[in-house]
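S.K.: Here is what each chain is made of, one letter per residue.
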Amino acid sequence: MFPSNVNFAETFTAKASELKVIRAAVKEFLQSASIAEDEISDIILATDEACQNIIRHAYKESDDGTIDINVQVSNNEIVVILFDYAEPVDPNCCEPKQCNTLSPGGLGNLFINKVMDSTGYQCPPLGVGNKLVMKKMITKE
Amino acid sequence: MAYSIASKDNKIFVHLNGEIDLERSPEARKVLLECLENTQHLVVDLAEVDYIDSSGVASLVEALQTSRKKNIEFALTNLSDPAMKVLKLARLDKVFKII
Numbered sequence: 007m008f009p010s011n012v013n014f015a016e017t018f019t020a021k022a023s024e025l026k027v028i029r030a031a032v033k034e035f036l037q038s039a040s041i042a043e044d045e046i047s048d049i050i051l052a053t054d055e056a057c058q059n060i061i062r063h064a065y066k067e068s069d070d071g072t073i074d075i076n077v078q079v080s081n082n083e084i085v086v087i088l089f090d091y092a093e094p095v096d097p098n099c100c101e102p103k104q105c106n107t108l109s110p111g112g113l114g115n116l117f118i119n120k121v122m123d124s125t126g127y128q129c130p131p132l133g134v135g136n137k138l139v140m141k142k143m144i145t146k147e
Numbered sequence: 008m009a010y011s012i013a014s015k016d017n018k019i020f021v022h023l024n025g026e027i028d029l030e031r032s033p034e035a036r037k038v039l040l041e042c043l044e045n046t047q048h049l050v051v052d053l054a055e056v057d058y059i060d061s062s063g064v065a066s067l068v069e070a071l072q073t074s075r076k077k078n079i080e081f082a083l084t085n086l087s088d089p090a091m092k093v094l095k096l097a098r099l100d101k102v103f104k105i106i
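One line per chain: the protein sequences are A and B, in this order.
Just so we're on the same page, my numbering is the position in the first sequence counted from 1, plus 6.
Just so we're on the same page, my numbering is the position in the second sequence counted from 1, plus 7.
The following block holds chain A by itself, in its conformation from the complex:
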């Protein structure tokens, strides 16, 4: 049984070596919220891929940016919100590749779109950076 509403909010350094820390923190939170393991692995994959996009495309691997990660669990949905403070990115810059094609690029957004029910950019509250919102419906055990 899920708690009615639980929330995770932490800020991480935007660099590749931080991704394992992010995955571990999000996993620990989702396990504490009694989310099913399959759904946890989906959320972790989507969060990891979205953070990679921020590191590579928003901050251009500069190592001095931050990512605010907010995960909200309600009775029927998990919402992952990522904030960065880089220059606004073109939401169409990272189109997912087609399945079953042999090219290394575009896989990250393909994975996000496959494991999440919706994903989209919203206006960041401070008017700077980027705000990505990803949602996934969950079922009660």
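Source of the hints: derived by calculation from the structure; they are not laboratory data.
Please note that a few of the clues may not be correct.
[Said to hold, decoys possible] The calculated lysine-lysine pairs, modelled on DSBU-like cross-linking and capped at a C-alpha distance of 35 Å, are:
1) 37(B) - 104(B)
2) 141(A) - 15(B)
3) 33(A) - 15(B)
4) 101(B) - 120(A)
Only a predicted model underlies this, so the values are computations on that prediction, with no experimental measurement involved.
Go by the hints and put chain B onto chain A.
M.R.: Here is chain B on its own, set in the frame of chain A:
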């Protein structure tokens, strides 16, 4: 990520272990491409891969592309659940030779 390399029956076996993410995938890519310089048959064992993301899969795709250009046999084996999951998401389980 850690890795080990073994050789048997004119094949090179690369065992990748742990998490292959944006931080570690360059090492996986380097190991695979170096092995493709020294064999006509490369098998990549993914049994102990706990996590692999798009950058890790991209390393496998690049190795497969290189093997095709050089006419080298390239296969994946013993895929862990996380590895099989992401390959299936991209439908690359139908592209790679899996033994």
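S.K.: Would you mind marking each hint as holding or not holding in the structure?
M.R.: Results for each hint:
1. As the CA atoms of residue 37(B) and residue 104(B) are separated by approximately 20 Å, the hinted pair is consistent with the 35 Å bound.
2. A distance of roughly 47 Å separates the Cα atoms of residue 141(A) and residue 15(B); the hinted pair therefore is violated under the 35 Å criterion.
3. Between the alpha carbons of residue 33(A) and residue 15(B) the distance comes to roughly 39 Å, so the proposed pair goes past 35 Å and is violated.
4. The hinted pair formed by residue 101(B) and residue 120(A) meets the criterion: a straight-line CA distance of about 17 Å does not exceed 35 Å.
Checked against the numbered hints listed earlier, the structure breaks hints 2, 3; every other hint is satisfied.
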